[in-house]
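Here the protein sequences come in this chain order: D and V. Residue 535 is where the first sequence starts when you use this note's numbering, and the numbers rise one by one after that. Residue 534 is where the second sequence starts when you use this note's numbering, and the numbers rise one by one after that.
Any given hint might turn out to be false.
[As the list claims (entries may be wrong)] Computed spacing ranges between beta-carbons, pair by pair:
(1) V/I850 - D/S617: 52 to 62 Å
(2) D/S617 - V/I758: 21 to 31 Å
(3) V/T553 - D/W796: 25 to 35 Å
To be clear, the hints were calculated from the coordinates, so they are not data collected in a lab. Just so it is clear, the structure is predicted and the values come from calculations on it, not from any experiment. Glycine included, every Cβ here is placed at the ideal spot set by N, Cα and C.
Listed below, chain by chain, are the residues.
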Amino acid sequence: MLETPPPSAAGPSPALSCVHLCMGYGVRRVLDDISLEFSAGTWSAVVGPNGCGKSTLLRALAGLRRPLSGSIVLQGRELSLWSRRERARRLAWLAQDSTGTDLTGVEVVGLGRFAHGGWLGARQGTDDAAIRHAMRATGSLASAQRRVSTLSGGERQRVYLARALAVEAPVLLLDEPTTHLDPPHQEDVIRLLRDQAHGCRVCVVSAIHDLSLALAADRLIVMGRSGLIGHGTVAETLAGDWLSAAFETPIHVVDDNGTRLWRPSLQPA
Amino acid sequence: MSAPRAEMVLGVDTSLGTPTRLALWLTGCLALTVLLTVGSLFTGTSSIATSWHWLLAPDAQSSLVLWQIRLPRTLGAWCVGALLGLCGATAQGLFRNPLAEPYLLGTASGAALGVAISLIAVDSTIVELAWAGKLGMTCAACIGAGAATALTIALSRGVLQTTSLLLAGIVVASVLGAATSLILLTKPEIFRAMQTFLLGSTAFLSWASVGWVGGVLCLCLVPAIGLSRGLDALTLGEDTAQSLGLSLPLIRIALLGMMSLGTATTVGQVGIVMFVGLMAPHLVRETLAVNHRQLLVAAPLCGGALLQAADLLSRWIVRPAELPVGAVTALVGGAYLVFSLWRRNRDA
Numbered sequence: 535m536l537e538t539p540p541p542s543a544a545g546p547s548p549a550l551s552c553v554h555l556c557m558g559y560g561v562r563r564v565l566d567d568i569s570l571e572f573s574a575g576t577w578s579a580v581v582g583p584n585g586c587g588k589s590t591l592l593r594a595l596a597g598l599r600r601p602l603s604g605s606i607v608l609q610g611r612e613l614s615l616w617s618r619r620e621r622a623r624r625l626a627w628l629a630q631d632s633t634g635t636d637l638t639g640v641e642v643v644g645l646g647r648f649a650h651g652g653w654l655g656a657r658q659g660t661d662d663a664a665i666r667h668a669m670r671a672t673g674s675l676a677s678a679q680r681r682v683s684t685l686s687g688g689e690r691q692r693v694y695l696a697r698a699l700a701v702e703a704p705v706l707l708l709d710e711p712t713t714h715l716d717p718p719h720q721e722d723v724i725r726l727l728r729d730q731a732h733g734c735r736v737c738v739v740s741a742i743h744d745l746s747l748a749l750a751a752d753r754l755i756v757m758g759r760s761g762l763i764g765h766g767t768v769a770e771t772l773a774g775d776w777l778s779a780a781f782e783t784p785i786h787v788v789d790d791n792g793t794r795l796w797r798p799s800l801q802p803a
Numbered sequence: 534m535s536a537p538r539a540e541m542v543l544g545v546d547t548s549l550g551t552p553t554r555l556a557l558w559l560t561g562c563l564a565l566t567v568l569l570t571v572g573s574l575f576t577g578t579s580s581i582a583t584s585w586h587w588l589l590a591p592d593a594q595s596s597l598v599l600w601q602i603r604l605p606r607t608l609g610a611w612c613v614g615a616l617l618g619l620c621g622a623t624a625q626g627l628f629r630n631p632l633a634e635p636y637l638l639g640t641a642s643g644a645a646l647g648v649a650i651s652l653i654a655v656d657s658t659i660v661e662l663a664w665a666g667k668l669g670m671t672c673a674a675c676i677g678a679g680a681a682t683a684l685t686i687a688l689s690r691g692v693l694q695t696t697s698l699l700l701a702g703i704v705v706a707s708v709l710g711a712a713t714s715l716i717l718l719t720k721p722e723i724f725r726a727m728q729t730f731l732l733g734s735t736a737f738l739s740w741a742s743v744g745w746v747g748g749v750l751c752l753c754l755v756p757a758i759g760l761s762r763g764l765d766a767l768t769l770g771e772d773t774a775q776s777l778g779l780s781l782p783l784i785r786i787a788l789l790g791m792m793s794l795g796t797a798t799t800v801g802q803v804g805i806v807m808f809v810g811l812m813a814p815h816l817v818r819e820t821l822a823v824n825h826r827q828l829l830v831a832a833p834l835c836g837g838a839l840l841q842a843a844d845l846l847s848r849w850i851v852r853p854a855e856l857p858v859g860a861v862t863a864l865v866g867g868a869y870l871v872f873s874l875w876r877r878n879r880d881a
């Protein structure tokens with residue numbers, strides 16, 4: 535198997551990209567002709583109204599749903615050509631609504647090493663290190679020996695986040711990682727995603743509902759009901775007023791000493 | 534991120550949450566099995582005093598009763614119960630549904646139909662069958678169960694959708710059940726034998742059954758334990774499990790195959806015994822926090838002890854006569870489910 539992607543002629547190749555991607559359920563087309571590139575060391579946030587296909591995009595990129603047409607390339611190689619285990623080591627995905635489980639926290643995080651271990655899942659020293667590191671980074675060590683079904687929503691979400699981090703994949707896809715979290719822990723997650731992208735050179739793609747949090751990302755993928763509105767830096771997004779176009783209503787963003795924040799309009803419409 | 538407050542909890546062995554508790558639990562189960570085995574040596578048509586006398590001063594007839602009838606019967610019951618417990622735990626993990634049970638995919642109805650057809654073919658009653666006949670009946674049950682599972686999978690168009698698999702299982706079970714009833718209507722001479730089979734009976738277990746069921750139990754444990762981490766991954770949802778590198782078709786085919794072999798074997802030996810496969814994994818989960826590797830070891834031990842106890846009860850309640858063991862497990866299991874439901878409602 536080819537471990538390293540062939541060097542591309544035009545600069546460094548993106549960690550993950552899709553070309554002319556179309557996705558749908560039955561006759562309903564959810565994504566139509568989407569082409570995107572995500573590079574290592576960048577945190578991209580996918581924003582858009584409910585039902586615009588954010589989750590569908592992330593599922594397609596994770597290889598969980600077969601596209602109707604178009605191609606997805608992971609580290610220079612067609613996604614479907616990677617073997618299951620190879621893909622699972624290179625690409626971690628975090629579900630939006632995670633189910634409860636009777637497993638303990640550390641067992642759930644340990645499942646992040648599923649594709650790394652041997653047949654019977656014998657855990658190695660590197661696995662233990664990855665698990666411990668991921669749990670420390672997400673502040674979920676206190677949940678290690680507790681059943682996940684008995685944890686609060688926030689504690690549970692942090693365990694699942696640790697599970698995704700424990701894969702140590704170069705590409706991290708997260709569907710609403712800040713749901714169920716109170717504001718300080720949302721901050722932690724945002725810092726964590728940034729740190730993964732900038733510090734660990736991971737390609738982070740996350741759907742984020744909270745616009746103020748999404749505006750902290752490096753790049754934004756703005757999706758509307760009619761399709762992709764734009765893909766670019768936060769400055770480009772604001773300059774083009776993509777957010778208002780996506781949500782079909784004026785979106786006000788204020789600049790607070792370099793930090794962009796969404797300001798809800800409380801005037802009656 | 535917040536400071537690590539509980540660094541110590543990640544000790545050397547983090548996979549076994551409470552190893553001492555699990556060890557205690559398993560030891561308890563084994564001790565119970567030994568007790569029940571000894572107890573069943575003393576239970577039968579003769580009184581306990583007679584049995585005691587037989588043990589102390591054995592003659593040809595008494596050793597036949599003790600070592601060729603009572604001992605293989607109780608050990609066979611253990612093996613069947615263990616296999617049902619294993620299949621039940623696997624089904625609940627695979628379908629991510631605590632109400633799943635081994636007979637779910639129409640396996641039991643398929644096996645019953647197979648046995649009905651084979652009974653017509655050999656034109657005999659269960660009591661008259663020699664061990665070769667028993668083996669033939671087990672094979673017929675296996676073929677019936679396998680065909681039913683294949684039919685279920687074909688009806689649900691593959692193994693990709695859990696819900697359609699379950700629905701197809703219900704359809705197959707009722708259609709094959711109707712077919713069996715029709716056969717019984719047209720061939721009343723096999724009715725008694727079939728009744729024994731449908732009610733479940735441990736009375737015909739021999740050393741051959743012990744070897745047969747025990748062998749299948751060992752065989753079934755291999756894929757179950759091997760894929761236990763996959764079952765753990767499945768508890769996080771099918772998409773997450775897939776993203777972790779689990780092949781859903783592979784785990785489904787392997788475990789469905791294992792379940793139909795295991796269930797068919799038990800059905801061929803003792804007929805249909807309700808609730809053991811459902812109850813054993815429940816009892817384990819309610820008393821122990823377990824992952825699937827631990828569950829798939831503990832549930833068979835629990836199921837084995839359960840069926841042994843039911844077998845003992847079936848011989849003791851109306852002694853010197855006996856009840857069908859399936860009726861005992863249905864009564865006890867039903868009572869347990871009602872109790873469990875009541876407790877859940879009270880706690881909620």
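Against the structure, the hints come out as follows:
1. For the pair V/I850 and D/S617, the supplied restraint of 52 to 62 Å holds, since their beta-carbon distance comes to about 57 Å.
2. Distance hint check for D/S617 and V/I758: the Cβ-Cβ separation is about 24 Å, which falls inside the suggested range of 21 to 31 Å.
3. Our hint of 25 to 35 Å for V/T553 and D/W796 is violated, since their Cβ atoms are close to 53 Å apart.
The structure is inconsistent with hint 3 alone, although it conforms to all the rest.
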